Amino acid sequence: MNTQFKKGILEMCVLSLVAQRDYYGYELIEAISKEVEISEGSIYPILRRLTQEGYFKTYLEESQEGPPRKYYQITADGKKASIKLLNEWNVFKMQIENLLLQKGDKKNVQTAIFR
Amino acid sequence: MYKQQFLDELEKHLSAIPINERQEILQDQNDFIREAVLAGRNENEVIAKLGNPKDFAASVLADYKFQKIKTAEGFIPLVKAVVGSLGAFLILAPFNFIVLFGPILALFTILIVAFSLGFTSLTMGLAGLIYFLSSISGLGFSWSLGITLFFGSLGLIGLSLMITYICGYLLKFSFWQMLAYLSWNLNFIKKNRIQF
Numbered sequence: 447m448n449t450q451f452k453k454g455i456l457e458m459c460v461l462s463l464v465a466q467r468d469y470y471g472y473e474l475i476e477a478i479s480k481e482v483e484i485s486e487g488s489i490y491p492i493l494r495r496l497t498q499e500g501y502f503k504t505y506l507e508e509s510q511e512g513p514p515r516k517y518y519q520i521t522a523d524g525k526k527a528s529i530k531l532l533n534e535w536n537v538f539k540m541q542i543e544n545l546l547l548q549k550g551d552k553k554n555v556q557t558a559i560f561r
Numbered sequence: 004m005y006k007q008q009f010l011d012e013l014e015k016h017l018s019a020i021p022i023n024e025r026q027e028i029l030q031d032q033n034d035f036i037r038e039a040v041l042a043g044r045n046e047n048e049v050i051a052k053l054g055n056p057k058d059f060a061a062s063v064l065a066d067y068k069f070q071k072i073k074t075a076e077g078f079i080p081l082v083k084a085v086v087g088s089l090g091a092f093l094i095l096a097p098f099n100f101i102v103l104f105g106p107i108l109a110l111f112t113i114l115i116v117a118f119s120l121g122f123t124s125l126t127m128g129l130a131g132l133i134y135f136l137s138s139i140s141g142l143g144f145s146w147s148l149g150i151t152l153f154f155g156s157l158g159l160i161g162l163s164l165m166i167t168y169i170c171g172y173l174l175k176f177s178f179w180q181m182l183a184y185l186s187w188n189l190n191f192i193k194k195n196r197i198q199f
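Going down the list, the sequences are from chains A and B. Count along the first sequence from 1, then add 446; that gives the number in our numbering. Count along the second sequence from 1, then add 3; that gives the number in our numbering.
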């Protein structure tokens, strides 16, 4: 698949997963690679960028297995960004589905999204 | 490749990044490998999947420089960030650097020269006008020649003012274009280096 396209989607996945609950790096990579085929090295740069942009905060928490883990937690800005991305994604998904299926009334789908 | 070897090599290639951030990146990778091993995976396989430390470092570096440019506030920090990224550029995309940077530099030189010329003629025109006005009675010009000279120098001043202004504007514009171009390049490197 187109790398750039996949990368943007991956960023959205990271953002919305952390919006649901706090994750530590490895856990997040596991959660994503369970569903999507990714290179494991590609998640940390995204985590770093989203943290630098103020979408995530990090904190350390003791673990039973070994040294403390770094957890990522969503901020208010991050929450807003994830909602916005998700909305855009839903609209986009509907539009593409419409296009690919070549059926159904486009207006209906759009009103369904914005209702 | 063993874990320590991977991390050492990564550290070596990330030397352009400030120590605290570098440590953080290394810590993240270290944590990742440790967690993977804890989950029952083979350490060497995990490291092999992360790829060549040099490529990995290159993507991190490009990301870092790009972020620096994006978050720079004010003119001087921005210029600093861009100049700082040039080194990373030369290593990561020498082709773009050589092929496209030359013409850009040439354009800049031309604009700077035109700007200075416009500015010089502006000051000269002004000085001439002031001299002309201050000593008009002593020069013994005829009335019509005086008028011609007066409006002529006004015209010259107007023209050079226009040239200076346009060149200044073009300089500013091309500077921002260059920044955008550099950012785009860094982004391009980043996208191509980070593999899925």
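In short, the hints are calculated from the structure, not lab data. There could be a bad hint or two in this list.
Residues on chain A that point at chain B, a partial pick, calculated with CB under 8 Å [to be verified]:
id : residue
1  : 465
2  : 472
3  : 490
4  : 491
5  : 516
Source: prediction; values computed, not measured. Glycine included, each C-beta is placed from N, C-alpha and C at the ideal position.
Taking the hints in turn, this is what the structure says about them:
no.	hint	result
1	465	violated, 21 Å
2	472	holds, 3 Å
3	490	holds, 5 Å
4	491	holds, 5 Å
5	516	holds, 7 Å
Checked against the numbered hints above, the structure breaks only hint 1 and satisfies the rest.
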